[in-house]
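Asker: In case you want the letters, here they are:
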Amino acid sequence: MTWLWFFAKIGVALGIIFSLGPVCIMGDRKISAWIQGRVGPNRVGPWGTFQPIADILKLMMKEVIVPDGVDKVLFLGGPLIVFIAPVFGYCVIPFGNQIGEEKLQVVNLDIGLLFIMSVLSVGVYGITLGGWASNNKFSLMGSLRASAQLISYELTFGLTMLLVVMMSASADPLKSASVDLSKIVLHQAEYGWNIFGGATWWGLPSGLIGFVLLFTCAMAENNRLPFDMAECEAELVGGYHTEYSGMGFAMYMFSEYCSMILSASLIVTLFLGGWSFPYLTDPADHSFLAGVISIGVFFTKICIILFLYIQLRWTLPRFRYDQVMSLGWKTFLPLALVNIGYMAVIGVFLEKP
Amino acid sequence: MLATVAVVVIAVVLIATAVAVVVSDNLVHSVFWLAAMLITTALLYVMLEAPFLAAIQVMLYTGGVITMMLFGVMLTQRDPGSRVPSASEAPGWAAPVALGLGATLLVAIWTTPELAALTPTPSGDAQKIGHMFLDRYLIAFEALSVLLLAGMIGAIVLARKGDA
Chain H
583 MTWLWFFAKI GVALGIIFSL GPVCIMGDRK ISAWIQGRVG PNRVGPWGTF QPIADILKLM
643 MKEVIVPDGV DKVLFLGGPL IVFIAPVFGY CVIPFGNQIG EEKLQVVNLD IGLLFIMSVL
703 SVGVYGITLG GWASNNKFSL MGSLRASAQL ISYELTFGLT MLLVVMMSAS ADPLKSASVD
763 LSKIVLHQAE YGWNIFGGAT WWGLPSGLIG FVLLFTCAMA ENNRLPFDMA ECEAELVGGY
823 HTEYSGMGFA MYMFSEYCSM ILSASLIVTL FLGGWSFPYL TDPADHSFLA GVISIGVFFT
883 KICIILFLYI QLRWTLPRFR YDQVMSLGWK TFLPLALVNI GYMAVIGVFL EKP
Chain L
2 MLATVAVVVI AVVLIATAVA VVVSDNLVHS VFWLAAMLIT TALLYVMLEA PFLAAIQVML
62 YTGGVITMML FGVMLTQRDP GSRVPSASEA PGWAAPVALG LGATLLVAIW TTPELAALTP
122 TPSGDAQKIG HMFLDRYLIA FEALSVLLLA GMIGAIVLAR KGDA
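As they're listed, the protein sequences go chains H and L. Take the numbering used here: the final residue in the first sequence is number 935, and no numbers are missing along the way. Take the numbering used here: the final residue in the second sequence is number 165, and no numbers are missing along the way.
Chain H with its partners taken away, still in its complex shape (with noise of 0.2 Å):
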């Protein structure tokens, strides 16, 4: 029974990362489509809905080539290393409420947002390998561009999960923080999710900064289009997987979306309150029915943050490199830095109402 469980998670976990990815390529050409004033894809089965599956089978279809000159084991490596950022990372992401004994998380980590993290560094890997690997100095380039930004945006990212960290620990009655992740959820659930600074309001403005920092430190980390340095047609022809053709673009370009969907799981997660919904869910239910309408919640704000990602790619110019930068250092760091400082002082101060 309790391998049947486990099997049934893992099932849901990746359910959710593999479906909602052909959706998200679906619905970014979609609404943009739509932002543009166009028609976009129609023609492949019902209002062009079957048009990812084209893609895939094209990509499929098409000769991986090896060109002459690449490091072949790290040039095929680099695509696979990049799917363990998004697939790994969802190991520890509480995606509804418990169902009898059974939390509804794959694993149930001591240490999930430290595991997330670690997770989240090596993913650099496959894009520095894949770019390097290439052979190529445009792909080169793209592909240190992309870590660096990724390193840089790391930081904020860090410190914004520590913030969190703090919220759920100043309304605990013995002060105590947890990275537990269905911790922090069930924290939320119970005191107010943390965008609204979580168990006092004067943590509001905190949670406020700290949800915008974590949502763009997200986009930069996806490298997203506003911050999509890494390929740049002008500059960089096709950045860090130019060299792939087929099932290696085709990787490249899912695990993006895959990291898009792990992204705002886990903003989910820290700041939007998780499974739980006022009125809707009960942590203390614990019935069949209850878990699946807290999946659903899940769910729901998944795709939400999703068509928000979407929605501003379209809308947003993009950055030059040398603002990208800046931003994350010069302005997100430091703000990131004074929000910490902020909620130190709240959380030990003032008790919760």
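Fair warning: there could be bad hints in the mix.
Derived CB-CB ranges, DEER-like [as the list claims (entries may be wrong)]:
(1) L:20 - H:615: 50 to 56 Å
(2) L:20 - H:737: 32 to 38 Å
(3) H:886 - L:160: 40 to 46 Å
(4) L:113 - H:867: 52 to 58 Å
(5) H:867 - L:21: 51 to 57 Å
(6) L:155 - H:584: 51 to 57 Å
(7) L:148 - H:886: 41 to 47 Å
(8) H:584 - L:12: 29 to 35 Å
(9) H:662 - L:4: 24 to 30 Å
The list that follows gives simulated cross-link-like pairs (lysine to any residue, SDA-like), each with its CA atoms no further than 25 Å apart [claimed, not checked]:
(10) L:162 - H:726
(11) H:685 - H:861
(12) L:129 - H:768
(13) H:765 - L:51
(14) H:765 - H:860
(15) H:591 - H:673
(16) H:654 - L:26
(17) H:765 - L:130
(18) H:612 - H:885
(19) H:654 - L:24
(20) H:765 - L:134
These are calculated hints, taken from the structure and not from any lab test. Remember, predicted model here, so these are calculated numbers, not experimental data. No residue lacks a Cβ here, since even glycine has one placed at the ideal position from N, Cα and C.
Once you have looked at the hints, place chain L on chain H.
Answerer: Frame of chain H; chain L shown alone:
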């Protein structure tokens, strides 16, 4: 039994990757092997029931190695002819030194009396480690952070030599 097998497998992989770091001719390959080695070390920590340490290991070391990889990319030429001197070019006395060190370690391991089996304590707990840092080992913790800060400022000063 299963745990022993796992530890042996991890140890073999660990040593193999560590040797690969030293032996490979290509600096970027070396850095990649180093990252693999550090992740394997994290697995060893997991086997020792210290998940916190494992996560920190991957986060700090493997995350930090990327920076080294970037240096490797920037400092070495990518054309096929260039090689970084590796084990084959090391001076002749390196082997005796390494063998001597290995022998010393082996003797130390063999002569150490067998440790009593530790009862698994939840010391890998992040909360307890945090409390210890800010409580019992506060001075050491602060001294370390000052040291790191000094290193960081030093690096910035060195990097900005021109107009500082």
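Asker: So, for every hint listed, does it hold in this structure?
Answerer: Consistency of the hints with the structure:
1. L:20 - H:615: 50 to 56 Å: The hint (50 to 56 Å, Cβ to Cβ) holds, given that residue 20 (chain L) and residue 615 (chain H) are roughly 54 Å apart.
2. L:20 - H:737: 32 to 38 Å: holds (34 Å)
3. H:886 - L:160: 40 to 46 Å: holds (43 Å)
4. L:113 - H:867: 52 to 58 Å: holds (55 Å)
5. H:867 - L:21: 51 to 57 Å: holds (53 Å)
6. L:155 - H:584: 51 to 57 Å: holds (53 Å)
7. L:148 - H:886: 41 to 47 Å: holds (45 Å)
8. H:584 - L:12: 29 to 35 Å: holds (30 Å)
9. H:662 - L:4: 24 to 30 Å: At 28 Å between Cβs, range holds.
10. L:162 - H:726: holds (24 Å)
11. H:685 - H:861: holds (21 Å)
12. L:129 - H:768: holds (21 Å)
13. H:765 - L:51: This hinted pair holds, its Cα atoms lying about 20 Å apart.
14. H:765 - H:860: Distance of about 17 Å is within 25 Å: holds.
15. H:591 - H:673: Since the Cα atoms of residue 591 (chain H) and residue 673 (chain H) sit roughly 9 Å apart, the hinted pair holds (cutoff 25 Å).
16. H:654 - L:26: holds (16 Å)
17. H:765 - L:130: Holds - the C-alpha atoms of residue 130 (chain L) and residue 765 (chain H) are around 19 Å apart, at most 25 Å.
18. H:612 - H:885: Since the Cα atoms of residue 612 (chain H) and residue 885 (chain H) sit roughly 15 Å apart, the hinted pair holds (cutoff 25 Å).
19. H:654 - L:24: Roughly 19 Å separates the two Cα atoms, so the pair holds.
20. H:765 - L:134: holds (23 Å)
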